[in-house]
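Asks: Sequence:
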Amino acid sequence: GLAEHLKIPKEDIFPVIDGLRLRGYDVVVEQGVEQSRVVLRREPAEGELIILPPITKRSIKFLVLSDLCLGLKSQQSDLLATAYEIGKEEEVFFAMIAGNLVAGKPPPKKEKDYFLTTAEEQIGYAVSMIPKAPFKTYFINGPRELTFKDKDDGKNVGEVIASLRSDLAYCGDLKTTFDIGNKGYKVVLIHGGNATAYTKSHPLQGVEESFQEAVNYAYEHSAPFQLVLLGGINSYIYLPRRLPIASGKFNDFDSVALPSLCRATGSEKARKKRDASPVLGCVIATLEFDRDGNLAQIVFDVRDLTAYHKNDDFLRDLEFVPRLGEEEKSVLEFLKNKPRRRGEISRFLKKFDSYVDELIERLRQYGYQIEFEVAGNAFRLMRNFKKAAQPLDIKKFYVKSVKVAAIADTHLGHENERPDLLAKTYEISEAEKVDFISHSGDVFEGEDAYPGQVRELIFHGADNQRNHGLEVWPKSKIPTIFVRATSHELAFLKKCGHDIVDTFVKMAPLHGLYNLQYLGDHKGIVEKNGIKIELVHPKSGIPYGVTYKLQKRIEHLVEIAAPSDAKIMLCGHLHVAATMIYKGMVAFLVPCLEDQTGYLSEKDLIPYLGMWIFEVFCDGLNNITRLVSKYIPFEPKAKERIIKL
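For the sequence shown, the positions run 216 to 860 when this note's numbering is used.
Treat the hints as calculated values from the structure; they're not laboratory data.
Among these hints, one or two may not hold up.
[As the list claims (entries may be wrong)] When the alpha-carbon atoms are kept at most 25 Å apart in a straight line, the in silico BS3-like pairs for lysine-lysine are as follows:
(1) K327 with K525
(2) K610 with K648
(3) K798 with K618
(4) K709 with K747
(5) K484 with K288
(6) K648 with K747
The structure displayed is predicted, hence computed values, not measured ones.
Please model the entire structure based on the sequences and the hints provided.
Replies: Next comes the structure, spelled out in structure tokens:
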């Protein structure tokens with residue numbers, strides 16, 4: 216009807232809609248049973264500039280946050296302001312918050328974690344502290360908001376906040392779904408209820424499984440999810456889809472656990488659980504579409520702001536009046552974070568107690584509120600609550616960077632090898648202009664790794680497998696860095712002292728392969744642009760919690776690591792794809808380039824065929840501050856026979 220009224224073709228309606236949305240008109244296309252309808256849901260208010268996401272763009276970018284917890288003493292309002300500045304700089308079309316905007320009602324015996332305790336205080340504070348931006352923010356109530364809604368006279372915190380800010384939109388409790396793009400690709404925003412587990416990916420895997428089922432519903436015909444965004448985990452974890460994107464794959468989607476913008480409270484630290492070391496930051500997701508509007512790729516840009524947290528972020532920064540001397544300034548800094556006894560200050564200054572009393576009195580005369588707590592026998596510097604957040608200087612976060620293509624487990628010599636995919640990874644790496652390609656072990660199939668393996672080999676012996684590798688390996692100017700495996704290739708080394716990867720790399724120049732380098736073991740470190748990356752090929756099988764191995768290795772490395780050691784880990788062997796940021800490190804499980812073998816099939820293990828393309832940025836302190844990654848899955852060859860009767 217609208218196309219006829221405007222006298223334009225139906226396909227030209229979408230650019231018209233986008234033009235209205237970019238001017239702030241909330242116009243959507245609603246799918247009906249027989250035909251679609253164009254609906255105006257809201258006009259822009261006077262003086263309001265809200266850019267709504269267009270539906271015909273080839274690339275739609277949005278900012279995702281979670282767990283602001285405004286009202287907790289551990290909140291990070293300056294990091295929240297920084298996240299919105301990042302969103303503006305990246306020109307996102309909208310933002311999402313996966314719940315827990317406010318601190319919620321204080322539980323018994325945890326009141327000390329809060330500086331605002333009532334719903335009214337927290338609502339007013341959130342309305343004033345969530346930054347205003349030229350894009351709309353959609354959010355859901357998390358478990359903390361719902362603590363005020365649990366009685367008949369309770370408040371719907373999200374609803375009230377949205378009623379006071381036209382650029383904020385309340386979208387329900389705990390879960391909502393967004394349709395993005397002109398074909399309405401579904402993105403699910405959900406809060407996991409602050410669930411913690413020994414393996415950090417466990418709650419995310421549980422959410423994935425709750426959405427996966429083999430049921431063809433008779434009355435519901437919704438499109439499949441393409442992306443699940445989960446708050447409440449307080450870490451960044453990305454579990455990618457197993458297969459290339461296709462509209463008919465209902466149970467294959469990308470899942471992301473979101474970092475938070477609130478540090479662990481004193482109560483949480485006392486419990487000594489893994490949620491006491493949250494990752495602070497935000498995620499920018501980009502949905503890329505082809506010319507026909509089909510979803511082609513999802514890129515995740517994670518900003519890790521953990522290193523830039525502030526203690527007592529809720530309080531105003533300490534300001535020095537012009538008349539202060541250096542000694543007086545040092546005492547104020549000494550009192551800034553906690554009360555101090557007279558004797559502590561005396562020892563700090565190396566002066567008598569009477570001098571301390573005189574100095575404290577001078578500071579009071581300068582306008583500083585310093586109270587003496589009789590119970591603690593200590594002086595406390597009183598500071599007012601912060602009324603405005605200050606974004607940090609984003610430029611200092613990105614001093615150096617490196618871009619990598621990560622592959623592993625090619626298993627050349629096995630009947631299910633995929634040299635065609637190996638060639639494809641190099642084509643992609645060339646197009647992406649990576650600095651180097653990493654290979655995290657099991658370059659070759661080896662032999663005697665498991666019973667019956669010999670019958671699955673198409674090349675027997677180290678020489679034949681190596682020569683086969685030299686024939687099929689793609690020629691490229693991009694350096695490729697290898698480690699050796701702890702299983703398949705190790706068999707040759709144990710039986711006769713032959714390191715097949717070493718001889719492969721040494722003979723490569725004779726076959727026109729000039730940029731292959733070997734780290735000499737099952738693990739090693741490569742450095743590029745001042746950033747160190749560890750390649751490793753461990754032993755043992757796949758745990759149920761996908762990130763368990765990464766976590767254990769990170770915890771071990773953090774315990775013994777020097778500040779100059781590698782903070783990026785590329786782990787092969789498991790034939791699984793995942794990535795996480797944890798304790799200041801970035802870790803990847805690198806997928807394989809080999810179809811499912813009989814050995815894996817008997818164990819009901821389905822491998823991930825694919826590769827990672829990622830770019831890491833570091834600040835001047837060697838902290839990882841940004842990770843841009845995309846997972847590229849490949850289609851396995853169909854194998855199972857079907858007998859039709």
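Asks: The structure should be examined with respect to each hint, and the outcome stated for every one.
Replies: Here is what the structure says about each hint:
Proposed proximity of K327 and K525 is supported: the alpha carbons are some 18 Å apart, at most 25 Å. Straight-line distance between C-alpha atoms of K610 and K648 comes to about 23 Å, which keeps the hinted pair within the 25 Å bound. At roughly 21 Å between alpha-carbon atoms, K798 and K618 fall within 25 Å of each other, so this suggested pair holds. Proximity of K709 to K747 is assessed by CA-CA distance (about 30 Å); at most 25 Å being required, the pair is judged violated.
For the hint linking K484 to K288, the alpha-carbon distance of about 13 Å falls within 25 Å, and the restraint holds. Proposed proximity of K648 and K747 is supported: the alpha carbons are some 19 Å apart, at most 25 Å.
Checked against the numbered hints above, the structure breaks only hint 4 and satisfies the rest.
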